[in-house]
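Using the sequences and the hints, build the whole thing.
So you can see what is in the structure, the chains are spelled out below.
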Amino acid sequence: MTAIATKYEVVVGLEVHAQVLTQSKMFCGCSTDYLTAPPNANTCPVCLGLPGSLPVINRRAVEATIRTALALNCEIPEFSKFDRKNYFYPDLPKGYQISQYDLPLSRRGHLDFDVKGEPRRCGITRVHLEEDTGKLLHEGAIHESQASLVNFNRSGVPLMEIVSEPDLRSADEAREYVMRLRAILQFIGVNKGDMESGQLRCDANVSLRPAGSTELGTKVEVKNMNSFRAIHRAIEYEIERQTQVLDTGGRLTQETRGWNDARGLTVSQRSKEFAEDYRYFPEPDLPPLDVSRTWVEEIRASLPELPAARRERFVTAYGLTPYDASLLTSTRPMAEFFEETVRLGAPAKASANWILGDFSRLLNADHNEIQDSSIKPRHLSKLISLIDSGAISGKMAKQIFDTMYRASDPGPALEAAGGSSQISGDAELAAIVEQVIAENAKSVADFKAGKEQALKFLIGQGMKLSKGRANPQRLDTLLREKIS
Amino acid sequence: MNLFQRTIRDLHQMLIDREISSVELTESVLDHIVNVGDKTKAYLLVTKGLALRQARAADERLRSKRDIRPLTGIPIALKDVLCVKNVASTAGSKILKGFTPPYSATVVDRLEAEGAVFLGKTNCDEFAMGSSNENSGYWPVHNPWALDRVPGGSSGGSAAAVASGEAIAALGSDTGGSIRQPAALTGIVGFKPTYGRVSRYGLIAFASSLDQIGPMTRDVADSAVLLQAIAGHDPCDSTSSPKPVPDYLASLREGVKGMRLGVPKEYFVAGMEPAVEQSIRDAIRLFEQQGASIEEVSLPHSDVALPAYYIIAPAEASSNLARYDGTRYGFQAGGGRNIIEEYMLTRQQGFGAEVKRRIMLGTYALSSGYYDAYYLQAQKVRTLIIDDFKRAFTKVDALLGATSPTVAFPLGAKTQDPVAMYLNDIITIPANLGNVCGISVPCGLADGLPIGLQIIAPGFREDLALRVAFAFETATEFHNGRSPLMGAAA
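Keeping their order, the protein sequence lines are chains A and B. Position one of the first sequence corresponds to residue 138 (the numbering used here), numbered consecutively onward. Position one of the second sequence corresponds to residue 144 (the numbering used here), numbered consecutively onward.
Since the hints were made in silico from the structure, they are not lab data. We put the beta carbon where it would ideally sit given N, CA and C, even for glycine. Treat the hints with care, since some could be wrong.
Unchecked claim - Not the full set, but computed from the structure, chain B residues with beta-carbon under 8 Å of chain A:
(1) 243
(2) 245
(3) 380
(4) 470
(5) 471
(6) 510
To be verified - Simulated pairs of lysine-lysine, DSS-like, Cα-Cα distance not exceeding 25 Å:
(7) B:386 - A:218
(8) B:400 - B:538
(9) B:523 - A:222
(10) A:218 - B:523
(11) A:222 - B:538
(12) A:579 - A:593
(13) A:513 - A:535
(14) A:535 - A:486
Take a look at the structure:
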């Protein structure tokens, strides 16, 4: 990669399609549930494109798009409109897709993210709103299939297209950009971020140019990447393929290539000569949109704290590294889990380490999400306190955590670790109290002089001596008795 | 007088007086369809069973005096571009053969709520593209005044049905004159409301920014009654206007005294038949005698309306008609080796020549590299035409002119020359582009063929158009003229 990077500069721009989580479709009242409903159950004359049917704009979808655009620091023009994108395909029942061409809902924004702790900024060209298509199912392999089936449940589901500037310079950057974008969409509640089911889809425009050049090279559009890993691999592959073509004196053709995940390569789908002319023109069935400033401000005011701001706060308020803060804020549930754990008394650094370390490792192995785990912030906070008090060793804690993770209720495992070994007997505690007083004369004097804080320190020392097993309430009582 | 010869209002009175039943009335019309239907070919489908069912329901309503509306029990014909739930709706095209919509157009729902009786689907030019009804994918319609003549188009079936007594009234659709021109050529009243006055939901689209549904009736008061029933905002059509609908009958009789009526000099086009021009000049004089002041006005961009229309309408049509690919409903050619070939075969065989011509025109006009020169330019012309009307309406209340430069021409006379055919609509098209309303009323005969007077009023001033038209009708006898197929008053 370094050799390549010195010779050519990688230029990547991404087009991300994200479904909008509305109850009803973009232009009709049908439910957006296309994953679990029986085929073609959620359809009507409008989303089936029957003769005579007309679209009606779903205001909530427009609102979600503006919300997204604001979160991506975009400008929201006062005037916007829908256009028709004309092409023939069996999953497109009207023969055109209602989309936005020259007056999208938003433009000129940016997204901040980082690659291994290094800050990056990618320009956002536009965020616009369109309708999703139906879904084709082929009997057997597509090339041999005698029939194709169409399910129009997805037809008309609101879909945002988020187009980036060609500001990304590596596969790493592209992947981080999409991860950060996904986090934002989840944070503001417009998309669940599931790439496998197609709620979030990504196309990449990849080109190379001689290092130092400002002109863009011939771009190749790569489609069909449905995981972060696929995005990374496909772009890496494409960089290497294009480098080879250029190195051997060849010329690149502007084309669309599909990523084949199983074979780990991209395959040419169509070249520019056969590119469609979409014959965009203003959708005559829909009046233009007047986007009032009041509305935009209302939406802006309702935005939650965004990942970038939260990340910043995690660094300043909790003293985390930018890298850890970035990872913790990559999903809203994870960020919330972390904050709750800290709020319950666990130190920030330890909480972050647990969440990003053992916890994430276990979750990833199971393809599980933090919010779905039986381990809750109170469990982690308790476990950390047991380690800090010395009741259990770090090594023990890892084993206990593992047991907690696998249990439907982590409580008992935690109890067993902490509760049973606690020293509450006054006889045993008396020895500890003696030792603490003997070794900390200054704090004892401070407490006598009225410094309540000093007692806390002494209790801490007692906990340390007992490896965390002492009952702190009893320690408190006994120390007070002994000193006074 | 036979029942099928009467007007909506006459029949309404007879129905509420229990002088007749809706079933009797409906049977009278259905019988007449049997008698003359082979001559006019006005219907693509007669829904006898549905009509009689609705008539019985209407009679029940009339009997119990429950929710009686002006159209309760009145037999009405629907142009085949209107979707009626569970009734074959083809827009006059073979490509929609076998298509039965699972829903009804908003106007159809509204008429149904009134208790109207649906006689059937009337013939029309395929997807409403044409001025003679000869572009029907099924068969041409014959003018009830002279069977060797066209009835005009595209709502030729609706016009012929009303003019022959095969319907008391009908709905048509007008994109560039498709209600007004056939109304003129068959001696009836045809009204194109302002774009947005009537919901387009369920109207099989030709050109979405121009299409408008309107009434085709025996006289002006009937037109007001029918428009009243279908006008008004529809949440299913975002281009329908939320403006309140006035009571059209209330202002009908206010006359034209003191009104300023404009005569656009550009509307006396080259090629206008002398008899047509004479009738229009006579009509203008009549308004003057009734106390209106007449003023010559100019609509300077009228000459570019037709070319602009033949960019905008085909462009929208090329997109609207893309859905007819044979994969989901209607005609499917079969035999294609892959999906693209199947699309091509279906569209080759399913669409007629004029529809294909317009799809090609429109596709070309929207193509990358030509969009600015054609579509965008045509939209600019449209703005100029809107401004022409706005300027004229600062000086006058309504405009007068011919509806069609000629009377009904013989079948086959213009089929070989699309441009000659397009010129039929030269004085109706500006009203569609200009967002105004226009009504055609009978104003004379030339060699036994009807002539139509067009009255154009500002946008959403349907009340004004109706009032001027009613004043003319009241002072003349032209609307009482009956086509030979309608028969003399017996």
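Quiz item: Should the interface hint for residue 245 (chain B) be scored as holding, given a Cβ-Cβ cut-off of 8 Å against chain A?
Solution: It holds, given that the least Cβ distance between residue 245 (chain B) and chain A is near 7 Å, below 8 Å.
Quiz prompt | Status of the residue 471 (chain B) interface restraint (C-beta, 8 Å, chain A) | solution = Residue 471 (chain B) check passes; min Cβ-Cβ to chain A is 7 Å, inside 8 Å.
Self-check item: Straight-line alpha-carbon gap residue 523 (chain B) to residue 222 (chain A), limit 25 Å
Solution: holds (22 Å)
Exercise. Have a go at the residue 380 (chain B) hint: is there a Cβ in chain A nearer than 8 Å to its own Cβ?
Key: holds (5 Å)
Quiz item: Is residue 386 (chain B) close enough to residue 218 (chain A), meaning Cα to Cα at most 25 Å?
Solution: Holds. Residue 386 (chain B) to residue 218 (chain A) sits at ~22 Å (cutoff 25 Å).
Practice problem: Would you mind confirming whether the straight-line C-alpha gap from residue 535 (chain A) to residue 486 (chain A) stays at or under 25 Å? | Solution: holds (16 Å)
Practice problem: Have a go at the residue 243 (chain B) hint: is there a Cβ in chain A nearer than 8 Å to its own Cβ? | Solution: Result: violated, 11 Å to nearest chain A Cβ.
Quiz prompt | Supplied contact hint for residue 510 (chain B), tested at 8 Å Cβ to chain A | solution = holds (6 Å)
Practice problem: Sort out whether residue 523 (chain B) lies within 25 Å of residue 218 (chain A), counting only the CA atoms. | Solution: holds (18 Å)
Exercise. For the pair supplied as a hint, residue 400 (chain B) and residue 538 (chain B), confirm whether the alpha-carbon distance does not exceed 25 Å.
Key: Given pair residue 400 (chain B), residue 538 (chain B) holds - Cα atoms ~16 Å apart, limit 25 Å.
Quiz item: Is the hinted pair residue 579 (chain A) and residue 593 (chain A) satisfied, with a Cα-Cα distance of at most 25 Å?
Solution: Holds, at about 14 Å.
Self-check item: Hint status (Cβ of residue 470 (chain B) to nearest Cβ of chain A, threshold 8 Å)
Solution: Status holds, d = 5 Å.
Of the numbered hints stated above, those contradicted by the structure are hints 1, 11, listed in ascending order.
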